[in-house]
Structure formats: structure tokens, C-alpha cells
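Engineer: Taken in sequence, the protein lines are chains A and B.
The first sequence begins at 48 in the numbering used here and counts up by one.
The second sequence begins at 2 in the numbering used here and counts up by one.
Simulated from the structure, these hints should not be mistaken for lab results.
In this text, all values refer to a predicted model and were calculated from it rather than measured experimentally.
A hint or two may mislead.
As the list claims (entries may be wrong) - In silico DSSO-like pairs for lysine-lysine, Cα to Cα no more than 27 Å straight-line:
hint	chain 1	residue 1	chain 2	residue 2
1	B	K57	B	K68
2	B	K37	B	K69
3	A	K61	A	K118
4	A	K56	B	K69
5	B	K37	A	K56
6	B	K37	B	K111
7	B	K107	B	K37
8	B	K111	A	K104
9	B	K68	B	K111
What the hints assert, rightly or not - Covered stretches of chain A (chain B as the covering partner; in silico rule of three or more C-beta atoms under 8 Å from a C-beta of chain B):
hint	region
10	64 to 70
11	117 to 127
Unchecked claim - Residues of chain B placed beyond 12 Å of chain A at every Cβ, according to the derived structure:
hint	residue
12	V20
13	Q38
14	D79
15	G83
16	Q99
Even glycine gets a Cβ: it sits at the ideal position worked out from N, Cα and C.
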Amino acid sequence: DGGITQSPKYLFRKEGQNVTLSCEQNLNHDAMYWYRQDPGQGLRLIYYSQIVNDFQKGDIAEGYSVSREKKESFPLTVTSAQKNPTAFYLCASTATGSGYTFGSGTRLTVV
Amino acid sequence: GEDVEQSLFLSVREGDSSVINCTYTDSSSTYLYWYKQEPGAGLQLLTYIFSNMDMKQDQRLTVLLNKKDKHLSLRIADTQTGDSAIYFCAEPMDSNYQLIWGAGTKLIIKP
């Protein structure tokens, strides 16, 4: 079955560490997105990519980085520059004119 | 600018109907979407409506679209405890790849 997979489900980061969240899709979707969700809040766009080897900053890109070397994969790195990284991270993908398909999310906690 | 607005909470009694409202700003949107997010999970596409429709019904769900007022609503008949979730309204941006998200309405079911 086609879908979008995020891993890990839970991730713990020490102060000063970089961590990478994985997002893989087998839907042949061109566009992929990373969102951050804080408790009781909506979705905030971190980065998005519409084609391979190209990506754009969203509303809250500072302290994050991404790559899009393959159509299927769009990993997100939370760098040590992100001072408040504890949140729920959601990856999504879409084809033109269709709705988004979301992964099940990664919960990142700073310890 | 483009914005999608929703109230943050809705509380209903089990068995009653729930009506979740949304206002949007781009009258040229081709589709409008409703997504459901259960606790600790990603978002799932619940339903969508084409902009040339006034109403769409799917089992217990009814979507009403008032283009003149740029108002979208989601009615859930016979609300059950399994309907407890956050419901997001979304409309496409001009690029047709990106969606603009409402803040989400948390539906609380009272016994």
C-alpha cells in the first residue's frame, strides 16, 4: 500500500545535539512538507520541496535544515541552533490538485 | 493576506450534531478540505468539496459551502466518542501545491 512513513515515532535530543527525522513516501508525490505542531496549536510550516534538489523555507525555518536528494525522501534535521525544539513534527506529501497525505508524526523531546 | 479561521473548541453531547465552522479568504480556491487529527497521530483527509458545489454529504458528514460569505462548515450527525479529535479546515494557495491551514477546532464530546 502507498503511504508516507515517519521515523522514529519518539525522539529524544540532548542539548547541543543535531537530530534527523526521517520522512519517506512511495506515493510518487512531487511535493513534500515539514510542519511543526505545538500543544494546542495548529500547524506551522518549516520547509517544503516541490521537486528533487530544490526546497524553500517556510514560516519557521530557523534552526532546521532539509535535503531532497530523492523524490521519495525529505529528511529534516533539527540543529542545535533551534532553541526550543520540543514539539510534534509532521511530514506530508501531495500531488498537484490533491490533498495532503500525512505521516503519523515524530514527537521530539529535549532532555 | 490569505487566512483561514476556525474557533478553537466545540463541545457537544454524545448523540447530538456537531457543526464546525471555517472562514477562508481566497474566493478562487478550487477545493476546500477538512482534515481530522486524533490524539498523537497525523492528520487524515476527512472530506473535501469542490468550489462549484454547495453541499456534499458522506454518511454522517455534511459539508456546506457558502462562497458568497467564504464560509465552510462541517456537520457531524449523531456525534460519537470516536469523533473526539481536532478538525482542520484548509484551502489551497495559488500554487495549488500548498495549503493554508486553520488553527484547528478541538471537538469535545460530553457523555
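Engineer: Hint by hint, say whether it matches the structure.
Structural biologist: Structure-based check of all given hints:
For a cut-off of 27 Å, the pair hint linking K57/B to K68/B stands: about 14 Å separates their Cα positions. Between the alpha carbons of K37/B and K69/B the distance comes to roughly 26 Å, so the proposed pair stays at or under 27 Å and holds. Distance check on the hinted pair: K61/A and K118/A sit about 31 Å apart at the alpha-carbon level, beyond 27 Å; violated. A C-alpha spacing of about 43 Å is found between K56/A and K69/B, which places the hinted pair above 27 Å, so the restraint is violated.
For the given pair, K37/B sits about 19 Å from K56/A by alpha-carbon distance, which is consistent with the 27 Å threshold. Simply put, K37/B and K111/B have alpha-carbon atoms about 19 Å apart, close enough for the 27 Å limit, and the pair holds. A hinted pair counts as satisfied when its Cα atoms are at most 27 Å apart, and K107/B with K37/B qualifies at roughly 10 Å. Taken as a hint, the K111/B and K104/A pair is broken in the structure, with Cα atoms around 41 Å apart against an allowance of 27 Å.
For the proposed pair K68/B and K111/B, the alpha carbon gap of about 32 Å is over 27 Å, so the pair is violated. Given a C-beta distance limit of less than 8 Å, the hint that chain B covers the region 64 to 70 of chain A is violated, as 0 residues qualify and 3 are needed. Counting residues of the region 117 to 127 of chain A whose CB lies closer than 8 Å to any CB of chain B gives 0, which falls below the minimum of 3, so the coverage claim is violated. Look at V20/B: its CB is around 20 Å from the nearest CB on chain A, clear of 12 Å, so calling it non-interface holds up.
Once the 12 Å rule is applied to beta carbons, Q38/B is inconsistent with being away from chain A; the minimum gap is 9 Å. For D79/B, the shortest C-beta to C-beta distance to chain A comes to about 25 Å, beyond the 12 Å cut-off, and the non-interface label holds. For G83/B, the condition that its CB be more than 12 Å from all CB atoms of chain A holds, with the nearest at approximately 18 Å. Against chain A, the non-interface label of Q99/B is violated: not every CB pair exceeds 12 Å, the least being about 7 Å.
Going down the numbered hints, you'll see the structure goes against 3, 4, 8, 9, 10, 11, 13, 16, while the others check out.
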